[in-house]
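Student: Can you make the complete structure from the sequences, with help from the hints?
Residue numbers (this note's numbering), protein chains in the order written: chain A, 1 to 83; chain B, 1001 to 1083; chain C, 2001 to 2151; chain D, 3001 to 3151.
No wet-lab data here; the hints were simulated from the structure.
For clarity, every value in this text was computed on a predicted model and none was experimentally measured.
Cβ coordinates follow ideal geometry from the N, Cα and C atoms, glycine included.
Among these hints, one or two may not hold up.
Claimed, not checked - Looking from chain C toward chain A, a few residues come up when the C-beta cut is under 7 Å (computed):
1) Phe2010
2) Trp2124
3) Trp2135
4) Pro2138
Here are the chains, one letter per residue:
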Amino acid sequence: MTRILFFGRMSEAAGCSELDAELPSELRTVAALRSWLADRDAALKQLILSPGIRAAVDRGFCGDDASIVGAQEIAFMSPLSGG
Amino acid sequence: MTRILFFGRMSEAAGCSELDAELPSELRTVAALRSWLADRDAALKQLILSPGIRAAVDRGFCGDDASIVGAQEIAFMSPLSGG
Amino acid sequence: MRVAIADKPFSADSMLAQFADSRTGAAGALASFVGYCRDVSDAGDVHQLQLDHYPGLTEAEITRLANTIIERHGLIDLLVVHRVGVVTPNEPIVLVAALSSHRAQAFAAVAELMDYLKTDAPFWKREAGSGGERWIEPTDADRARRAALGE
Amino acid sequence: MRVAIADKPFSADSMLAQFADSRTGAAGALASFVGYCRDVSDAGDVHQLQLDHYPGLTEAEITRLANTIIERHGLIDLLVVHRVGVVTPNEPIVLVAALSSHRAQAFAAVAELMDYLKTDAPFWKREAGSGGERWIEPTDADRARRAALGE
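Tutor: What follows is the structure, encoded as structure tokens:
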């Protein structure tokens, strides 16, 4: 099982801030996971494929080519805004 | 009698921070007063003619053309430095 | 250097005073910034802000940004405190303070760290008020300032 | 707006806290700066600074500069406190704080007012330390920053 977290506006689209998913073993990158989530949930689709949504694998920011093999926690984040 | 004040490095050159002087009635401008003071005191001469020394007449900054007729207090100030 | 995430209201005054007290005699300059929750926005009256963060990632990322700034400006010390949770008007959201020998470094450090926080720190803000609820995301001006910092 | 000349040591922390407390709900940004007497300078150890001013002219001139800054940046409020007399290391010399709706205005206001104070406010500083005594006058960098402000 892999924990998937959604932050900001992304959590609203997902309808939840986290979900646990059994990811197919052929999903090997962040990009592949985005597509898989988009196909699975039409509501998510609008945002999850947007380059404005950053990803983190096991609490480290990463690009779309990053591996998710063996990852325990993957996060999708709408634009950050502190301060 | 007119009170003449010196501030900063200017007071060191003058050897005092203030003096009361009976100014000749033909002294009508700040520029004329600078020359008069320079002639009167060799130690003052080095600084009092410098454009870096600002003048104030009756507590208002002013240029060398400003009138000193009837002034009660005239100040000569080396470069200001607050903060 | 100190980075803190506060999940309850904090006193910006006393945290800043404590930071100032910790300074050494070579520190001639203390610049600081406090951002408060305003009671109005362009959407109308503000009732509250909900500030979310990503525990584990947020503190690490702020620490990384803070270290970048310390090195770039040769700071003596740097303090960052950031609120999370439900914030009501007049409560401080963020406090940034920098100590340096001379003023230019401290000013630049505080302004740049605020620019980073607006676009690079993992926080998400949701405003609730007379205009309903909405997410607050970086503005074009925030993005332009961040872009000017490079890296 | 408040301008004060302090002839005894003042608490920058408590004056800043008092200024922050006076703010209204539209003030989202508080930027501030405290300049302290350092215990070292390029001449060696510093024992004390003697800060002179021109009573009657100094407060009026700072008030004029402060009003220029308030107008230029649309500030909500501005505080300036400046020490005179004999100042020893670690004592605050100057406190400047600005309240505005958003951060850019407050940051610019505090930095610019400090630039004005360095070159346009009627104060004179004499440093006494291990290197003897000397007058401290604006540096080339101070003059360049002031020139960039125009007017």
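Student: Are the hints correct? Go through all of them and say.
Tutor: Evaluation of the provided hints:
1. At about 15 Å, the closest approach between the beta carbon of C:Phe2010 and any beta carbon in chain A exceeds 7 Å, and the interface hint on this residue is violated.
2. Residue-level restraint check for C:Trp2124 holds (minimum Cβ-Cβ distance to chain A is 4 Å; threshold 7 Å).
3. Contact between C:Trp2135 and chain A, as hinted, is supported at the beta carbon level, the nearest pair being about 5 Å apart and thus within 7 Å.
4. Here the hint on C:Pro2138 is kept, as its CB sits about 5 Å from the closest CB of chain A, short of 7 Å.
Hint 1 alone, counting from the list given before, is not met by this structure.
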